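Chains Z and U, in that order, give the protein sequences. The first sequence lines up with residues 1 to 424 when you count with my numbering. The second sequence lines up with residues 1001 to 1368 when you count with my numbering.
Hints in this document: simulated from the structure, not taken from any laboratory. All figures in this text were calculated on a predicted structure; none of them were measured in a lab. Hints should not be assumed to be uniformly reliable.
[As the list claims (entries may be wrong)] One-sided excerpt, in silico: chain U residues whose CB lies under 10 Å from chain Z:
hint : residue
1    : Ser1040
2    : Asp1152
3    : Arg1355
4    : Asp1357
5    : Ala1360
Built from N, CA and C at the ideal position, the CB exists for glycine as well.
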Amino acid sequence: MNASTGKTPILAADGTPLRKSLARSLRQQKLRALMLIAPLLVFIFVAFIMPIVSMLMRSVENDIVSDTLPLTVNALQSWDAQSGELPDEAVYAAFAADIKQAALAKEHTKVGLRLNYEQSGIASLFKKTARAAVKWDIETDGPFKEKLLKIHRNWGNVEIWQALKVHSPEVTSGYFLNAVDMRKTVDGPDWQPEEKQILLVLFKRTLFMSLVITFSCIALGYPVAWLLANLPMRHANMLMILVLLPFWTSLLVRTSAWKVMLQQQGVINEVLVYMGMVADDGRLVLINNEIGTIVAMTHILLPFMILPMYSVMQTIPPSYLRAAKSLGATNWTAFWRVYFPQSVPGIGAGSILVFILAIGYYITPEIVGGTKGVFISNRIAYHIMESLNWGLAAALGTILLLAVLVLYWTYDKIVGIDNVKLGG
Amino acid sequence: MKFNLTVVTAASVSLLAGAALAGSHMASEMTIVSWGGAYSKSQLKAYHEPYSEMTGVTILNDDSSSTAVAKLRAMSEAGNITWDVVDVEAAPAMQLCDEGLAMEIDPDTMLAAAPDGTPAAEDFGDMLVSSCFIPQIVYSTTFGYRTDLVGDKAPDSVCAVFDTATYPGKRSLFGVPINNMEWALLCDGVEKADIYDVLETEEGQAQAFAKLDTIKDDVIWVSAGADTPQLLADGEVVMGATYNGRLFSVIEEQKQPVAMIWDGQVMDLDGWIIPAGLSPERQARALDYIMFATDTQRLADQAKWISYGPARKSSAPLVGKHAELGIEMGPHMPTAPQNLSRAFLMNYDFWADYRDDFDAKFQAWLAK
């Protein structure tokens, strides 16, 4: 050890260098803290993140085709799908062997359902073929091209074979293409026929209407939040109960109540007709369209806007406004230049909450939206619950999730996420 | 003589032991999934209560039928099936069967024969549309109209829906292609027998959409069976499509000024499936329940509580009066001769192939 004392490590009581000893005890503390939250972390991972990830994975998984029809997928490799000609006997024989095997294992209907999403008619084609195939002897009963063509003329339809080839890889972009109104073809991605294009329209509608709902919530919620923050406690409490009241009522009841209000023989139209503002045969159409969805959802989501706004406004000292006025500002200038900028974090928090909730709603649009007011979530629900096309549903869900993340990122860039406060 | 007695005793002892053994091999609790509301009540009265009384089994009810297909698939993937018997419509039952999620049923050994000895397969006849599906009732989607809003000429044909000149006002239809496409072609002059052949072609689909275009602005598109009854009761629509049981309750129970057009009713089936992959005890219990609940008398009993027709031929003569209203239920069944003659039979295979394709087209058409 030389004279340069700066390099001499300071020792702890047990003789180890203090720096090391400190780091160790810090690490232990951190570990202990981690242990404390570990159950929560594990819970979130197992119950929240894993199911979502596994659901999202379905948007690209496609091993069912190559698992069920391995010989056919292999034989189709050498077939030129773009030639427009039918594959040769080898492919038909491979398919005959596969479908027999699949039929014996009762797997043929599953792959039939999968391919039917891409090419209508395959489901029944596979079922019909499998019924005959179980009786075949693959070694001696050839040639199978004739046999298959005899079962159904569609085996002579080149599109069926193209669909089989295009959708044979284990990982597919097909669901994502379907989710944006496109499809996989032998010539690469192509648009769906025009009469089937619906999903992009719904994405745009969902985003646009969620924005409209968010802005109407701001417009209606801001004055209420201001009143809540500035009224004397007694009145403010009363008002707070009114704001929270909707939370105590079932979502379905609230939505159905709007039906009673908005329909053509409903309360609003009756009053307008009674007052002579609307002709009896010209009653307003307020429900089963966009208006119905916007009105009902604004009502339902309003508390999510008011509460963050209120908690931010509560922290703005009233003396600032008085000071501004005493310095000569008009009411408007004082509000706009002094009060409003301080309330922006509340608006930001409320908007994010309302927008994200709105974008994933489907019960309310389903009940009051008719056909012009339904969202992309209604299609996701259809594919999860009825068509069982979970791959497409997962792709739609992933896109929706990404859209929210992109918007969140943009919001962070423009407004700054530090500028969002839920209170205090 | 002594020898005979011994044989008889031995035989009866072994029989008793067998029965006791069978009993102990069945689960003592089961979960039955159905639709809820009046429909579940009819099943409770006709099936569950007598079955529980007879066997002492606890029956748990789950009103999840509307989401049964997706839930059953999720349960099967998770390897934990909590349902024993599930009530679904015919088309989802076929879907479940194709996905391998429902157990195959042998009607000759697993279903009760008719009282006169007719085997179950013959008694159910054409109703056995899938090898996994045990039909229970026949229901139909048909139209009801407001008697006070249609003027002097009561509509007698399903094509009144497309006749906005004679019957102005809104009408309600389900916002799905099934049924609507068929009605559109039927009222555009296509023969009943040719409808599905025509629908398979592009021109046929264009024809159906063109016909629907003529009333598009006059339609309120609904999604639930309860919507049309509400719209009719509030006078929001002149006529609308829903299930015949819903219309029965609007007309007979709520006494609204509504009447039914049976013409062009599309008949469909509702029934049971047993999930695939149950443990042997639970499966035995489920099969035992099914054997009981789908016999001739039980199916006829259900019609006392709701106006859906029993799926067995042998049950039809046993249908009596409504248990609470005292109305003769026979004429209110979709299967009653005067209603049946004007019915339209849905083609399940066609819709299994084309539903997704048409649904996308239909939604795109609605959004236009």
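Hints, verified against the model:
no.	hint	in the structure
1	Ser1040	violated, 18 Å
2	Asp1152	violated, 20 Å
3	Arg1355	holds, 7 Å
4	Asp1357	holds, 4 Å
5	Ala1360	holds, 5 Å
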